[in-house]
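Asks: Residue-level listing of the chains:
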Amino acid sequence: MSNVPADLRYTRSHEWIRNLPDGTVEIGITDHAQHALGDLVFVEVPEAGRSLKAGEASAVVESVKAASDVYSPLSGEVTAGNPRLATEPEAVNTDPYGNGWLMRMRPAAGSATEGLMSADDYLKFLETEGG
Amino acid sequence: MGRQTPLYDLHRESGARIVDFGGWDMPLQYGSQIGEHHAVRRASGVFDVSHMCVVDLRGERARELLRKLLANDVARLKRPGKALYSCMLNESGGVLDDLIVYFINDYAYRVVVNAGTRDRDLAWIREQARALEVEVRERTDLAILAVQGPEARAKTARLMTETARREALALEPFFGRELDGWFVARTGYTGEDGFEVMLPAGDAARVWRALNAAGVASCGLGARDTLRLEAGMNLYGNDMNESTHPFESGLGWTVALQPPERAFIGRPALEAVLAAQTAGKSIPRQLVGLILEDRGVLRNHQRVLVPADAAAAGAADGEITSGTFSPTLERSIALARIPATDAAGVQVEVRGKLLNARIVKPPFVRFGKAMVELPEAPR
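These protein sequence lines map, in sequence, to chains W and B.
First residue of the first sequence: 1, per this note's numbering; consecutive thereafter.
First residue of the second sequence: 1001, per this note's numbering; consecutive thereafter.
One should not assume that every hint holds.
Stated by the list, open to error - Per the computed footprint, the stretches of chain B lying under chain W, defined by three or more beta-carbons under 8 Å from a beta-carbon of chain W, are:
#, stretch
1, 1293-1301
2, 1324-1333
To be verified - Not close to chain B: a few residues of chain W, all C-beta gaps over 12 Å, as computed:
#, residue
3, Asp7
4, Arg12
5, Gly38
6, Asp39
7, Lys53
8, Glu62
9, Ser63
10, Lys65
11, Asp69
12, Glu90
13, Glu127
14, Glu129
Don't read these hints as lab results, they were simulated from the structure.
In this text, a Cβ means the ideal position worked out from N, Cα and C, and glycines have one as well.
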């Protein structure tokens, strides 16, 4: 079974969002997503300062077999890409909600959050998706 | 739902992720694909390759049939059990399939063809066989297990009777023989030592479990692909197909143009290709190995740019035919079809960026060891 922490919010494209105390958010891909992708061998994260629109391809995760885009769940400005992933892409597999975070961003004022799901809703979504 | 091998239920029970491969429901991986890859390089792994098709040819003119059907020459096979790798070509010199043929005796050969092409291959072989009265028998009663890795032969042999075990361990590379109802061959698709075992379908699950119990890891098609690419072996449909000929597919060494009187299918077309290249009327293409110097992963169909000063005028761009991340080398590697060049490196267009790759001669890895010089670890 997929691990879905209760304190995060989720997207239908399997990203998670964590609110940080300073008003920024941390973004990664879910346990379900890392499992579906398989062993990751290359991750490209956005650079600090890049401005992103919600739904924009912002990071790339590549497993042995295929490359997949990761979409920004919110509009805003990137404050950091996870530097660890350049040499340790497997952190996304082993610790998707911790060391395997992809990027941090400061959401734009009024950036829409209503498309985001609670942990319960994401679990239901995984069930209906056959995940 | 696709076709299933005799081991399908066992794969499901083992938690394998099942994917479609050439119309077959096959295990992609059981756990970590990279873990399965390393198991084969360092110890042993077993693959279900029962989707491949065993075809037995029998008849007084079986050799004559194969000397017409195949670009390599079965007359080179002098000792019973010896295997030969060959392309089967169409009239235009394009590759219909690549296969292995085992010389059983003067009137009997065993051929193993790819899953994705089996129906077309069978129809083609039967059509040619009819006139020569050679019997073509598709062995759907057999399963095929590929047990590969430095410990593979010893662990497989332990499951055999004492006499069979001795005979199996005495097999030379690229030889096979019937032993206690199994056909055991010292062949493979990983760049490691090992056996490919063709056995009655009903025995397959028991043998698979016994191999697992002996410490042989279950391995899926994902690891099979990274292993074969590291070994510099072509995959039919990726690296060659009916519209590419062997010389531009790294398979010139498998085309037997001697003796000149052997009229195999595709020969006139291949001779025309060589004549046009010799006369400077066409730019030859070649299949080369690439190793990425920058960060990223090479993938099938990415565009390959040969430096302008090292390419023939008017040459088209090249293309990656198989690309992946090499778990052994921890670099991205690929096979690419490019216009002939003496350049040391090329650029590959990866997600809109041009990355540098070095041209190398495959194999990349053989018997667990790197066979190419590695670029510095990219940052």
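Asks: Hints first: check each against the structure and report whether it holds.
Replies: Hint by hint, here is what the structure shows:
With 4 residues bearing a CB less than 8 Å from a CB of chain W, the stretch 1293-1301 of chain B meets the requirement of three and the coverage assertion stands. Taking a C-beta to C-beta cut-off of 8 Å, the stretch 1324-1333 of chain B contributes 4 residues in contact with chain W, enough for the three needed, and the coverage statement holds. With a closest Cβ-Cβ approach of about 28 Å to chain B, aspartate 7 of chain W is found to remain outside the 12 Å limit, as its non-interface label requires. Listed as a non-interface residue, arginine 12 of chain W keeps its Cβ farther than 12 Å from every Cβ of chain B; the least gap is roughly 22 Å.
Distance check on glycine 38 of chain W: its Cβ comes as close as 5 Å (rounded) to a Cβ of chain B, failing to clear the 12 Å threshold; non-interface status is violated. At roughly 4 Å, the least C-beta separation between aspartate 39 of chain W and chain B is not larger than 12 Å, which violates its mark as non-interface. Every Cβ of chain B is farther than 12 Å from the Cβ of lysine 53 of chain W; the closest lies at roughly 18 Å, confirming the non-interface assignment. The Cβ of glutamate 62 of chain W sits about 5 Å from the closest Cβ of chain B, inside the 12 Å cut-off, so the non-interface label is violated.
Serine 63 of chain W, annotated as away from the interface, has a beta carbon of chain B within 12 Å; the closest lies near 8 Å. The Cβ of lysine 65 of chain W does not lie farther than 12 Å from every Cβ of chain B; its closest approach is about 6 Å, which violates its non-interface assignment. With a least CB separation of 10 Å from chain B, aspartate 69 of chain W falls inside the 12 Å interface cut-off, contrary to its annotation. At the 12 Å boundary, the C-beta of glutamate 90 of chain W falls inside the reach of chain B, the nearest C-beta of that chain being 9 Å off.
Listed as a non-interface residue, glutamate 127 of chain W keeps its Cβ farther than 12 Å from every Cβ of chain B; the least gap is roughly 19 Å. Here glutamate 129 of chain W stays apart from chain B, with its beta-carbon at least about 16 Å from theirs, past the 12 Å limit.
Hint violations for this structure: numbers 5, 6, 8, 9, 10, 11 and 12, all remaining hints satisfied.
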